[in-house]
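One letter stands for each residue in the lines below.
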Amino acid sequence: MTDALVADVLFGAFALGSVITGWRVFRTDSMMRAAFFLLASFAAVGGMLVILGAEFLGMVLILMMAGEMLVMAIVMVMFMMNPAGLNPMWMVHQHRVAVAAGVSSFLAIASLGFLVDFREDPNVQPEMATVELGIELLGDSMLVFQTAGVLLLATMIGAVAIASSRGRFGAAEEGSEEPALDPEDRAAS
Amino acid sequence: MITVEFVLIVAGALFGVGVYGALSQQSFVMLMMGLELMINGAILALVGFWAFSAGGNPQGQMLAIVFMTVMAVEMAIGFTLVTNVYRVRRADITEKLRRLRG
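As given, the protein sequences belong to chains V and G, one line each in that order. Position 163, counted from 1, in the first sequence is what the numbering used here calls 163; the numbers after and before it change by one each time, with no gaps. Position 39, counted from 1, in the second sequence is what the numbering used here calls 39; the numbers after and before it change by one each time, with no gaps.
Just so you know, the hints here were simulated from the structure itself, not pulled from any lab data. Keep in mind that the hints are not guaranteed to be accurate.
Said to hold, decoys possible - Derived CB-CB ranges, DEER-like:
| hint | chain 1 | residue 1 | chain 2 | residue 2 | range |
| --- | --- | --- | --- | --- | --- |
| 1 | G | 3 | V | 104 | 21 to 27 Å |
| 2 | V | 150 | G | 85 | 23 to 29 Å |
| 3 | G | 3 | V | 153 | 38 to 44 Å |
| 4 | V | 125 | G | 95 | 49 to 55 Å |
| 5 | V | 165 | G | 95 | 23 to 29 Å |
| 6 | V | 164 | G | 57 | 24 to 30 Å |
| 7 | G | 74 | V | 94 | 20 to 26 Å |
| 8 | V | 131 | G | 85 | 41 to 47 Å |
| 9 | G | 70 | V | 3 | 30 to 36 Å |
Backbone N, C-alpha and C fix where the C-beta goes; we use that ideal spot for every residue, glycine too.
I would like the entire structure built from these sequences, with the hints used as guidance.
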């Protein structure tokens, strides 16, 4: 088998795997299993990115999602019922609307490939993609890269502030009731 | 033969499954999983365009990194809100929240 044929077969397998595991996320009784199905879907997409030539992005996606899904699994065990899937789980609402919206989205995006005549300009040097990305990150797109970093830092600070056990106006368990504007009302409360 | 059309079909399928999950699931965390799948499909479509229609312009990969940042922020803030809502309301599904305030 040639390398191109191997790449095609692998890409097809990853494509099928990503969609099936993505669908299984919402069709399993266990939330833990749902998290790992989602991880499998992301890993398959990471594999597809590598085959498309974006090796760095593919690997980063897999590494990032591995950590993220482990955090998600911990959140499942902490807060959600039925994390082990010992009982049947079917917690959905507006099911028909959701199915219609999902199918419509799929048809709209998939039909784009056939309705729009995209420019034929394939990447002729896929082996240089990571080098070029590195130069871009530390060159023309440095500001974008740094902004993403600052955004992540702001997210971390915001997440700690929001999840703190002490809210802005008192203990978080008691709800967050802001004080009245009128001093007399404030004294009464 | 991998083509941009095939990549768009797979990306559309992932996005469609994500839309279904985001609209149908009652659990906050399952709802976020739907959003994750939608961004997953968007990243795949983006890299498909980068590989087949943009001549490998590195700015396409840069945009994918921005997408990944958005995904990380969405998850972090989402989990934080789940923690806070559970602490205040003892709620873990969307049906238990009728009001945004108090």
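Any hints from earlier that this structure breaks? Give me their numbers in increasing order, please. Of the numbered hints given earlier, the structure breaks just one, which is hint 6.
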